[in-house]
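We have chain A; now place chain B onto it with these hints.
Here is what each chain is made of, one letter per residue.
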Amino acid sequence: MRAVTIVGAAETKFGKSELSYRELAVAAAQAALEDAGAEASDVEALFLGSYSPGTFVHQEHVAPLVAWELGLSHVPSARVENACASGATAFVSGLMAIAAGLYDVVLVVGAEKMTSTPVTEATRILAEAADWENESTIGLTFPGAFALMARAYLHKYGYGRDILDAVAVKNHANAVHNPYAQFHKVITPEDIAKSALVADPLTLYDCSPISDGAAAVLLAAADAAHNFAKEPVRVLGFGQASDSLALFRRPDLTTLAAARQAAQRAYRMAGVSPGEIDLAEVHDCFTIAEIIATEDLGFFEPGAGGEAARAGATARDGRIPVNPSGGLKAKGHPVGATGVGQLVEATFQLRGEAGARQIDGAELALTHNIGGSGATCVVTILGRST
Amino acid sequence: MATVQLAPGTTGTVVSYTVIYVPTPEFADLAPYALAVITTSVGERVLGRIEGWQQQELSIGAQVTFDRSDDRGPVFRLK
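Quick note, the sequences are listed as chains A and B, same order.
0 is the number of the first residue of the first sequence in numbering that gives the first Met the number 0; add one for each residue after it.
0 is the number of the first residue of the second sequence in numbering that gives the first Met the number 0; add one for each residue after it.
It is worth saying that the hints were derived from the structure and are not from the lab.
Some hints here could point you the wrong way.
Unchecked claim - Here are the simulated lysine to any residue pairs, SDA-like style, with alpha carbons at most 25 Å apart:
hint, chain 1, residue 1, chain 2, residue 2
1, A, K229, A, D103
2, A, K193, A, R309
3, A, K15, A, I124
4, A, K193, B, L29
5, A, K155, B, I59
6, B, K78, B, Y20
7, B, K78, A, R248
8, A, K155, B, A61
9, A, K155, B, T64
10, A, K155, B, L77
Stated by the list, open to error - Coverage of chain B stretches by chain A, computed from C-beta distances (three or more under 8 Å per stretch; other residues unrestricted):
hint, stretch
11, 21-27
12, 40-48
To be verified - Covered by chain B, per the in silico footprint, the following chain A stretches (three or more residues, Cβ under 8 Å):
hint, stretch
13, 109-123
14, 131-138
Quick reminder that beta carbons are idealized off the backbone N, C-alpha and C, glycines included.
Pulled out of the complex, with its shape left as it was, chain A reads as follows (with noise of 0.2 Å):
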């Protein structure tokens, strides 16, 4: 398999925004060109993650769309939907056809626009990446499925919701140094328990929020990479697997077997143990995701994920640092965006340019997408140059 690198990257402030779908995914895109030091004229092919614009924004085949906009010259271009792993997929597709021997540079985008959408409307398009006859028909929210796996995990390990609110806490904290981020606003449990309850356990401060944003990383073949201007970051392994849809069939509520499985494979492509990441952008959609995550990972066994968060282990000085940039709690979660954000996050921190919330000496990054409740998940790890 050919070597793979990340040559640029670039994402908008995720948030409420004034810019639309294709100026979202467009202004992301060539950000990351130009940080490559990039023309259109070098990309051959385009893959973008997005996960439902169509009910969002009523655009569907959009990757044409961006391809156009941004002066693609008639290369291939595809939209990859797994739902909130949608962006990760689209990078695993770019690097699979790199890898593959067909194209020397491709453009990986991700983009969602979320916020001009109802709230209670929201629920309801994002409970599609659900089982729908089997969840969804039920009653059954995202909120809904994770306020599942929280009651189990604090129920099987003898938890308190404080650790819950460490993750909201910490993932809040470290945004205020991230200019992308969406909010920008340190918390305190005492605001945790004054916000009101959307799935028992869950309030409003466990959920990550409505988003409108955009990412893009232009990913080049090993011996192409001095062709551009940065830095190449390795992409060093990357892993994916599936599961059920539907939550309740799976036979373990306080781990994700497709994020085990994902992990697993990541860590035996580069050749890599838990122990010698140095930072981690982890999918924590929901403040408990990020405390199954780490023990997913294998930073933490299973049931000290809870007392790990709790401890500062996984703050920005602690022993291994998760969502630097804040995590979809705070950097924000434009859906299809998100897979594609936590690689230009780890790529700013391998670079070094990563500004206060920089890990110093970072040298392997990891991130982990999930779609659904984890029907989906892509763990990738990336290598500073040497």
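The following block gives chain B in isolation, referenced to the frame of chain A:
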């Protein structure tokens, strides 16, 4: 919607539960409502609504009885 075939009086145990306060538009009239993952006495895993959660404490391990199925899936009651 896929119908769950459960015999009347089927009993089960709550594996996990939640109460939904922010529903989809289709369930707005019902909120807040309780949903639970239940293992039935014959070992089948189902997702269903729980009635009576306002009167009796809902907990993991609670015993429930299948009451009926409606157009929103199976409904159980706390024993």
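Here's how the hints hold up against the structure:
1. A:K229 with A:D103: Given pair K229 (chain A), D103 (chain A) holds - Cα atoms ~16 Å apart, limit 25 Å.
2. A:K193 with A:R309: With a Cα-Cα distance of about 20 Å, the restraint between K193 (chain A) and R309 (chain A) holds, given a limit of 25 Å.
3. A:K15 with A:I124: holds (18 Å)
4. A:K193 with B:L29: holds (24 Å)
5. A:K155 with B:I59: Answer holds: K155 (chain A) to I59 (chain B) is near 10 Å, not above 25 Å.
6. B:K78 with B:Y20: Satisfied, since the Cα-Cα distance of roughly 24 Å is no more than 25 Å.
7. B:K78 with A:R248: Judged against 25 Å, a Cα distance of about 24 Å means the pair holds.
8. A:K155 with B:A61: holds (15 Å)
9. A:K155 with B:T64: holds (24 Å)
10. A:K155 with B:L77: holds (21 Å)
11. 21-27: The restraint on the stretch 21-27 of chain B holds, since 7 of its residues have a Cβ under 8 Å from chain A and three suffice.
12. 40-48: Coverage by chain A holds here, the residue count being 5 at a Cβ distance below 8 Å.
13. 109-123: holds (count 5)
14. 131-138: Per the Cβ count (7), the hint holds.
Checked against the numbered hints above, the structure violates none of them.
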